[in-house]
Amino acid sequence: MKTETLDRLRSRISGIDAMPAIPIILRPLLRCLDQPAEQIDVNRIVELVSYDKSIAAQCVRMANSALFGRSHPVESIRTAVLNLGMWRVRDLLFSNSLSQVIPANRWVVDPSVFWRHSLGCALVCRRFAEIIGYPDTEKAYLAGLLHDIGVLVNCMIVPNEFRATVEKAYREHIPMDEAEQATLGFTHSDSGRILAEAWKITPDLVQAIELHHEIGDPERGGPLVALVHLSDLLCRLRDLGYGYYEPRQIDFANEPGWLYLVMQFPNLAELDLARFTFTLDEYAKEVGELVSTVFAA
Amino acid sequence: MSNDSTMLKDEQLSVESLTDPVWIRIRDLIYQVSGIYQAENKFYLLVSRCSRRMKAVGARTPREYLEFLTARPNRDAEMRNLLNEITIGETCLFRSMPQIDALRKVVIPSLAEAKKKFSFTKLRFWSAGCSTGEEPYTLAMILLEETQTRLKGWTFEVIATDLNDRSIAKAQEGIYNDYAVRNVPPEFMKKYFTPVGSEFRVNDSVRSFISFNRLNMLDDSKMLFMRGIDTIFCCNVLIYFDGKSKTRTVEHFYNALLPNGHFFLGHSESLYGISKKFRLVHFPGTTAYWKPSESTPKAGAP
Ligand SMILES: C[S@@+](CC[C@H](N)C(=O)[O-])C[C@H]1O[C@@H](n2cnc3c(N)ncnc32)[C@H](O)[C@@H]1O
Ligand SMILES: [Fe+2]
Ligand SMILES: [Fe+2]
Chain S
1 MKTETLDRLR
11 SRISGIDAMP
21 AIPIILRPLL
31 RCLDQPAEQI
41 DVNRIVELVS
51 YDKSIAAQCV
61 RMANSALFGR
71 SHPVESIRTA
81 VLNLGMWRVR
91 DLLFSNSLSQ
101 VIPANRWVVD
111 PSVFWRHSLG
121 CALVCRRFAE
131 IIGYPDTEKA
141 YLAGLLHDIG
151 VLVNCMIVPN
161 EFRATVEKAY
171 REHIPMDEAE
181 QATLGFTHSD
191 SGRILAEAWK
201 ITPDLVQAIE
211 LHHEIGDPER
221 GGPLVALVHL
231 SDLLCRLRDL
241 GYGYYEPRQI
251 DFANEPGWLY
261 LVMQFPNLAE
271 LDLARFTFTL
281 DEYAKEVGEL
291 VSTVFAA
Chain U
1 MSNDSTMLKD
11 EQLSVESLTD
21 PVWIRIRDLI
31 YQVSGIYQAE
41 NKFYLLVSRC
51 SRRMKAVGAR
61 TPREYLEFLT
71 ARPNRDAEMR
81 NLLNEITIGE
91 TCLFRSMPQI
101 DALRKVVIPS
111 LAEAKKKFSF
121 TKLRFWSAGC
131 STGEEPYTLA
141 MILLEETQTR
151 LKGWTFEVIA
161 TDLNDRSIAK
171 AQEGIYNDYA
181 VRNVPPEFMK
191 KYFTPVGSEF
201 RVNDSVRSFI
211 SFNRLNMLDD
221 SKMLFMRGID
231 TIFCCNVLIY
241 FDGKSKTRTV
251 EHFYNALLPN
261 GHFFLGHSES
271 LYGISKKFRL
281 VHFPGTTAYW
291 KPSESTPKAG
301 AP
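Taken in sequence, the protein lines are chains S and U. Start counting the first sequence at 1; every next residue gets the next number (the numbering used here). Start counting the second sequence at 1; every next residue gets the next number (the numbering used here).
Cut-off 27 Å, straight-line C-alpha distance, at most; resulting in silico cross-link-like pairs (BS3-like, lysine-lysine):
#	chain 1	residue 1	chain 2	residue 2
1	U	Lys115	U	Lys152
2	U	Lys105	S	Lys168
3	U	Lys105	U	Lys277
4	U	Lys222	U	Lys122
5	U	Lys42	S	Lys285
6	U	Lys105	U	Lys115
It is worth saying that the hints were derived from the structure and are not from the lab. Since the structure is predicted, the reported quantities are computational estimates derived from the model, not experimental observations.
Please model the complete structure; the sequences and the hints are all you need to start from.
Next comes the structure, spelled out in structure tokens:
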């Protein structure tokens, strides 16, 4: 995007007091999780969960849900956290805190569809990273989770125009960013980047948000951008998208992001991509469970 | 589906037995042998199908059954039986909506676009291993619909082949019960079927576009004659072949297709490790294989 347009967008966003604020628990959560899995402090997580009554209730509800089929009901937050495992609690914390970023009545897209896509993308991105041997799998997860955060910004700053954008995308079966470019003159990548910068999120994540549709020269964004770009595509092709049909044929082996990753991580060339794709349907169930826990009344 | 869930109750399969890690090994074995993938969220299907076979052979636990599939003398026969169990009763008209959508919304429009440049206005589809005809009739109805709307002035043919004479004969009859037509959209039902008693017969307007033939895919001399095809469907057939035969058959399919042609397998079947000539392509909700044209840049795997 042109700097000039970006500057205009930036001043427009900062001029509005509707700019989404960073959720309180997000920063400590990010800090707490920014370390190897085995070093994550359970007590700290339990503490974070306990901050927020609704999150605590969700953890307990999920630990008692059919997916985990306990015979004894789980009551304490600590037991719930231990039963669910660190990753699921983290997923819950993120999706809950991020879904409070904008008030319930400001959503232009269905929030559960949005979180399905974001969480799906996070899981796929992490799995992808593991498979190819990208070292920072947690960063991959976060990049997937946050990549479309600009959609939230759009809901806040240009609600009416964005409603028309979403309707256009659904009606014409075109990608969201294409519809945004046509109706708004900027995309959720642009607005997402501005929000991420305002939230002081690490630069590599900001870049993943900014470039996930227009990856351009893959060298610029590096593997993280390529990972998010491909995971987003896969999710949209596999029932973890925005809930409308995008008629297209994707030859992943010919995607610039893929070609770039193959050069960096040669074992990607040996990946059984068909099988990888089939396993995504397994995530859909996990993600569905999580999202319905967060959005259950 | 409802059959399967009653099945589960009958067999007293608890959550415990569904999560037995041996199922993962059985799933991986099936994938390795046949290329059919059973996602974990559909494990109840895998389990119910295996449990029928377990009853038949007298295996008491998944682990014991795995032994029947790997270590016993007639393990190949048992794998065949299991594959039959897995693919049986799946067949119906309009079986896979993601495949049908991919055809109507992506494949056919782009085929037409490319062919028009050379003033070709005919499409040729091949349903290989068509069994009792559900697939070729589905394809013919879709193509008929297209040639009446977006592709006015175009013609098409569907070649339907199978090894089994009895299946071919049944396919030619084109009479299906209400279970087999349960997925057919109402407007297609009205347009292309005539009720006969409690069943439904495909109208002659559809049949006239299909030629039914007996063809053994392992017969190289016959396969060599198949040429100039735009799109091939071959669902749940290669699963029975050994590795070499798979590779050879897929090679024939490759040669039969025109450049830019598509090759569809069963909904969660893969060609991994069988052929590197085709390119895996993704459509919403489904995958297929694609024959690149000469001008397509070569890419890495897959
Ligand atoms: C499981 S059925 C699949 C039928 C259908 N394509 C479907 O997906 O429901 C397998 C079919 O492959 C056919 N078949 C098996 N071996 C074959 C061969 N060597 N040549 C041609 N057809 C074969 C069988 O006769 C049978 O109709
Ligand atoms: Fe996006
Ligand atoms: Fe996205």
